[in-house]
Amino acid sequence: MNPLHTLRALRGIVTRELLRFVHQRERFVSALVRPLVWLFIFAAGFRSTLGLSPTPPYETYILYEDYITPGLVGMIQLFNGMQSSLSMVYDREMGNMRTLLVSPLPRWFLLVAKLLAGTLVSVLQAYGFLLVAWFYDVRAPIEGYLTLLPALVLAGLMLGALGLLLSSFIEQLENFAGVMNFVIFPMFFLSTALYPLWKLQESSQLLPVLAQYNPFSQAVELIRFALYGQFNAYACAYTLAALALFLSAAVIGYNPSKGMMQKKGGKQ
Amino acid sequence: MNVPAAPALFIDNVSLSYGEKLALNKVSFTVSRGECVILLGPNGAGKSSLFSLVTRLYDTREGAIEIAGFNLKRHSTKALGRLGVVFQQSTLDMDLSVERNLLYHADLHGLGRKLANTRIREELERQAMFERRHETVRHLNGGHRRRVEIARALLHKPDVLLLDEPTVGLDMPSRKAIVDYVHQLSTTHNIAVLWATHLVDEIFATDQLIILHKGIIRYQGSVPQLLETTAMPSVASAFQHLTKGEK
Numbered sequence: 001m002n003p004l005h006t007l008r009a010l011r012g013i014v015t016r017e018l019l020r021f022v023h024q025r026e027r028f029v030s031a032l033v034r035p036l037v038w039l040f041i042f043a044a045g046f047r048s049t050l051g052l053s054p055t056p057p058y059e060t061y062i063l064y065e066d067y068i069t070p071g072l073v074g075m076i077q078l079f080n081g082m083q084s085s086l087s088m089v090y091d092r093e094m095g096n097m098r099t100l101l102v103s104p105l106p107r108w109f110l111l112v113a114k115l116l117a118g119t120l121v122s123v124l125q126a127y128g129f130l131l132v133a134w135f136y137d138v139r140a141p142i143e144g145y146l147t148l149l150p151a152l153v154l155a156g157l158m159l160g161a162l163g164l165l166l167s168s169f170i171e172q173l174e175n176f177a178g179v180m181n182f183v184i185f186p187m188f189f190l191s192t193a194l195y196p197l198w199k200l201q202e203s204s205q206l207l208p209v210l211a212q213y214n215p216f217s218q219a220v221e222l223i224r225f226a227l228y229g230q231f232n233a234y235a236c237a238y239t240l241a242a243l244a245l246f247l248s249a250a251v252i253g254y255n256p257s258k259g260m261m262q263k264k265g266g267k268q
Numbered sequence: 001m002n003v004p005a006a007p008a009l010f011i012d013n014v015s016l017s018y019g020e021k022l023a024l025n026k027v028s029f030t031v032s033r034g035e036c037v038i039l040l041g042p043n044g045a046g047k048s049s050l051f052s053l054v055t056r057l058y059d060t061r062e063g064a065i066e067i068a069g070f071n072l073k074r075h076s077t078k079a080l081g082r083l084g085v086v087f088q089q090s091t092l093d094m095d096l097s098v099e100r101n102l103l104y105h106a107d108l109h110g111l112g113r114k115l116a117n118t119r120i121r122e123e124l125e126r127q128a129m130f131e132r133r134h135e136t137v138r139h140l141n142g143g144h145r146r147r148v149e150i151a152r153a154l155l156h157k158p159d160v161l162l163l164d165e166p167t168v169g170l171d172m173p174s175r176k177a178i179v180d181y182v183h184q185l186s187t188t189h190n191i192a193v194l195w196a197t198h199l200v201d202e203i204f205a206t207d208q209l210i211i212l213h214k215g216i217i218r219y220q221g222s223v224p225q226l227l228e229t230t231a232m233p234s235v236a237s238a239f240q241h242l243t244k245g246e247k
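Protein sequence lines, in the order shown, are assigned to chains A and B.
Be aware that the first sequence starts at 1, since it is given in the numbering used here, and climbs by one per residue.
Be aware that the second sequence starts at 1, since it is given in the numbering used here, and climbs by one per residue.
If you are wondering where the hints come from, they were derived from the structure by calculation, not from laboratory data.
Beta carbons: idealized from backbone N, C-alpha and C, even for Gly.
Some hints here could point you the wrong way.
Unchecked claim - Label pairs and their in silico Cβ distance ranges:
| # | chain 1 | residue 1 | chain 2 | residue 2 | range |
| --- | --- | --- | --- | --- | --- |
| 1 | B | ALA64 | A | PHE169 | 49 to 59 angstroms |
| 2 | A | TYR213 | B | ALA64 | 44 to 54 angstroms |
| 3 | A | GLY229 | B | ALA64 | 29 to 39 angstroms |
| 4 | A | GLU93 | B | SER234 | 30 to 40 angstroms |
| 5 | A | GLU202 | B | GLN88 | 55 to 65 angstroms |
| 6 | B | GLU131 | A | HIS23 | 21 to 31 angstroms |
To be verified - Some chain B residues flagged as far from chain A (calculated, every beta-carbon gap over 12 angstroms):
| # | residue |
| --- | --- |
| 7 | SER52 |
| 8 | ARG100 |
| 9 | TYR104 |
| 10 | GLY112 |
| 11 | THR118 |
| 12 | LEU140 |
| 13 | ASN141 |
| 14 | GLU149 |
| 15 | VAL182 |
| 16 | GLY221 |
| 17 | VAL223 |
Let the sequences and hints guide you as you build the complete structure.
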């Protein structure tokens, strides 16, 4: 691959994704409103009923709003990953995807470039949410906003790769509702985004085990620790492994000779 | 690797099936630079399947395809770099401007910004679309969108231009403008043009013709030869004769 060609193609794909994001203002607003509803309403309601003892990375008792903020950041990235997946399926149905797939670059590179572009958008959305949360008095240490960046990139890549993988399996836009029911909701609710593992242990033996192995939980923990200037090595390794797995499977899924593309009767 | 004498597009014994259904059966033909070949076939003849293989949206399992001497399976990026495509469905981004759509394509083909801007100007001016480069695609009519797609397909100066029923859904003046323009391209750009259609009035007497029906090539040659072979008075009747009236 010619490095200059590669860089230009990457620029093209990222620019297009950013321009689409800018043009679709409602997408940004809805990405922001969803976690804010959870923060302003859900968290306010649960503040008094959900006592949280100090567990790492927190050194003191914290408000429930502080606890769920990293989870809501994760939620933004989870939904963005699924939104990218949805737009891939839509583009494939409408034909736009063909422009990308017939370009003279390896399929894996095109998918990685698309993934990077989607991650960039999700990072911008996450910082937008944290800015609003700041004014709502949900604040992390200043340096945490900087140490958060690599965690957001890694979590965004992993969740975006999951979206890519799903899009390679979904043949029609109508099937996307199933993704909501069988992927997004279980991943979100069966994670540490809304409640810590020890809270789940109080009510079930199975649920905390499932939550612990849920890649979304590890992405949230990576974000949570990073937001407080700490590094969670286990969560980082787990998220990296999940990224490698999802991305490899997505590349196979989009390979014209190996994956789902071969089974779809030429429909792209 | 790039053999100058190699045909721009070489399709050799290509077959494709969707499960039990055979969509293409041992299809072979070549298209040379400066030649305009019409791939004529009724709906469901296998034209779009063939295009999916040539654009490598779908992998060739039986037979081989070469573009400018590059085997599509073994040297896919080099082969695809020499291909310009206009798909049946519009593949432009509706929310972006004409210019931004073309820049996106230029980036995917590794063109520098300066060269890309020059080529965009050239190709859009040829089709009287340069003044409209800042308009959002959504605001263009179907004919103008097609012009932009043709300009886009030519930006990287391909050896082969594929057009998959590009006039579907257009009014007569737009259809005529596109048919005339594409026929000129093979000589003005010295490229190989492969035009898939089911409309016989888009064929010129000088075109080479391939009639595809149920995945099999029923005729390959010039228009006069077709009339002579089938003893029919027109391309339309010869086409009907070869496809048993299916459109």
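Against the structure, the hints:
Judged by the Cβ atoms, the range 49 to 59 angstroms given for B:ALA64 and A:PHE169 is violated: they are separated by roughly 30 angstroms. The beta-carbon spacing between A:TYR213 and B:ALA64, approximately 46 angstroms, falls within the hinted interval of 44 to 54 angstroms. Between A:GLY229 and B:ALA64 the CB atoms are about 58 angstroms apart, so this pair departs from the stated range of 29 to 39 angstroms. The hint said 30 to 40 angstroms for the Cβ distance between A:GLU93 and B:SER234, and at roughly 38 angstroms that hint holds.
Separated by about 59 angstroms at the C-beta atoms, A:GLU202 and B:GLN88 satisfy the suggested range of 55 to 65 angstroms. As the Cβ distance of B:GLU131 to A:HIS23 is approximately 22 angstroms, the hint placing it in 21 to 31 angstroms holds. With a least CB separation of 4 angstroms from chain A, B:SER52 falls inside the 12 angstroms interface cut-off, contrary to its annotation. Some Cβ of chain A comes within 12 angstroms of the Cβ of B:ARG100; the nearest lies about 7 angstroms off, and the non-interface call is violated.
Look at B:TYR104: its CB is around 5 angstroms from the nearest CB on chain A, not clear of 12 angstroms, so calling it non-interface is violated. Listed as outside the interface, B:GLY112 is inconsistent with that label: its C-beta sits roughly 7 angstroms from the nearest C-beta of chain A, within the 12 angstroms cut-off. Listed as a non-interface residue, B:THR118 keeps its Cβ farther than 12 angstroms from every Cβ of chain A; the least gap is roughly 15 angstroms. Against chain A, the non-interface label of B:LEU140 holds: every CB pair exceeds 12 angstroms, the least being about 16 angstroms.
Chain A leaves B:ASN141 outside its interface by the beta-carbon criterion, the shortest separation being 18 angstroms against a cut-off of 12 angstroms. A beta-carbon of chain A comes within 12 angstroms of the beta-carbon of B:GLU149; the shortest separation is about 10 angstroms. At roughly 19 angstroms from the closest C-beta of chain A, the C-beta of B:VAL182 stays outside 12 angstroms, upholding its exclusion from the interface. At roughly 28 angstroms from the closest C-beta of chain A, the C-beta of B:GLY221 stays outside 12 angstroms, upholding its exclusion from the interface.
The Cβ of B:VAL223 lies farther than 12 angstroms from every Cβ of chain A, with a closest approach of about 30 angstroms, so its non-interface assignment holds.
Of the numbered hints listed earlier, those contradicted by the structure are 1, 3, 7, 8, 9, 10 and 14.
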